[in-house]
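Colleague: Sequence:
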Amino acid sequence: MELDQVIKRVDWLDDERRKDKTVLAAIEERMVNLEGNLPVLAKQIKDLDSEITRVTALLARMDHFDENLLQARVESKQAIEELEKEINQRASESEKVRRVEIRALESTIVEIRKELAPIPELKRSLQARIDEEIRLGKAIDEVRAKFEAAR
Numbered sequence: 001m002e003l004d005q006v007i008k009r010v011d012w013l014d015d016e017r018r019k020d021k022t023v024l025a026a027i028e029e030r031m032v033n034l035e036g037n038l039p040v041l042a043k044q045i046k047d048l049d050s051e052i053t054r055v056t057a058l059l060a061r062m063d064h065f066d067e068n069l070l071q072a073r074v075e076s077k078q079a080i081e082e083l084e085k086e087i088n089q090r091a092s093e094s095e096k097v098r099r100v101e102i103r104a105l106e107s108t109i110v111e112i113r114k115e116l117a118p119i120p121e122l123k124r125s126l127q128a129r130i131d132e133e134i135r136l137g138k139a140i141d142e143v144r145a146k147f148e149a150a151r
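First residue of the sequence shown: 1, per our numbering; consecutive thereafter.
None of these hints come from the bench; they were simulated from the model. Note that this is a predicted model, so its numbers are computed, not measured. Just so you know, not all the hints are guaranteed correct.
As the list claims (entries may be wrong) - Okay, derived cross-link-like pairs now, DSBU-like style, lysine-lysine, Cα gap no bigger than 30 Å in a straight line:
1. LYS77 to LYS96
2. LYS96 to LYS85
3. LYS123 to LYS138
4. LYS21 to LYS8
5. LYS8 to LYS19
6. LYS96 to LYS114
As the list claims (entries may be wrong) - Beta-carbon label-pair distances, calculated as ranges:
7. VAL32 to GLN71: 55 to 65 Å
8. ILE109 to SER76: 45 to 55 Å
9. LEU122 to GLU142: 56 to 66 Å
10. LEU122 to GLU93: 37 to 47 Å
11. ILE130 to SER107: 33 to 43 Å
12. GLU93 to ILE130: 48 to 58 Å
13. SER76 to LEU38: 51 to 61 Å
14. LEU116 to LYS96: 42 to 52 Å
15. ILE7 to PRO39: 45 to 55 Å
16. GLY36 to GLN71: 33 to 43 Å
A virtual CB, placed ideally from N, CA and C, is assigned to each residue, including glycine.
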């Protein structure tokens, strides 16, 4: 029985050894295949690494672009606010100047009206003088005609 057990044991060990050999051959074949893939994978890793570097640089540029855009927005908002302030200030100054000019024109108009007030009286006086001269001219003509007739 011992010999049978030893033989069975040896057979079993042989089977196990064959199985292990088959597994080792499969593992070795798989390892060879994986080693064949290593250059391809290394190239892919290198390509991905360069792509990551490119994307990282692009992201940094985009961050810089965002910062510049934000700065431009802030500066343009400040410029617009300054322009609005200047426009309001100029409008206020223009309004003040316009009011001063209107007051000056109003006072000038009042003075002109005061100076024009005697004109109707002068027209009446002038008309009265003209009428008087016409009457005197007729009277002189009558006196002259009487004087010549009396002569």
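Colleague: Between the beta carbons of ILE7 and PRO39, is the distance compatible with 45 to 55 Å?
Modeller: 50 Å Cβ-Cβ, so the 45 to 55 Å window holds.
Colleague: Starting from the range 33 to 43 Å, see whether the pair GLY36 and GLN71 falls in it by beta-carbon distance.
Modeller: Once the Cβ atoms are compared, 54 Å apart, the range 33 to 43 Å for GLN71 and GLY36 is violated.
Colleague: Sort out whether LYS85 lies within 30 Å of LYS96, counting only the CA atoms.
Modeller: holds (16 Å)
Colleague: Just to be sure I understand the hint, the distance between the Cβ atoms of LEU122 and GLU142 should be within 56 to 66 Å; is that true here?
Modeller: violated (30 Å)
Colleague: With a cut-off of 30 Å on the C-alpha distance, tell me whether LYS21 and LYS8 pass.
Modeller: holds (19 Å)
Colleague: Note whether the CB distance of SER76 and LEU38 lies within 51 to 61 Å or breaks it.
Modeller: holds (55 Å)
Colleague: Is 33 to 43 Å a correct range for the gap between the Cβ atoms of ILE130 and SER107?
Modeller: holds (36 Å)
Colleague: Would you say the C-beta atoms of GLU93 and ILE130 sit inside 48 to 58 Å of each other?
Modeller: holds (54 Å)
Colleague: Tell me if the straight-line CA distance from LYS96 to LYS114 falls inside 30 Å.
Modeller: holds (27 Å)
Colleague: Do ILE109 and SER76 keep their Cβ atoms within the hinted range of 45 to 55 Å?
Modeller: holds (48 Å)
Colleague: Using the C-beta atoms of LEU116 and LYS96, is the stated range 42 to 52 Å upheld?
Modeller: The hint (42 to 52 Å, Cβ to Cβ) is violated, given that LEU116 and LYS96 are roughly 30 Å apart.
Colleague: Given the hint that LYS77 pairs with LYS96, test it: the Cα-Cα distance must not exceed 30 Å.
Modeller: holds (28 Å)
Going through the hint list in order, the structure does not satisfy hints 9, 14, 16.
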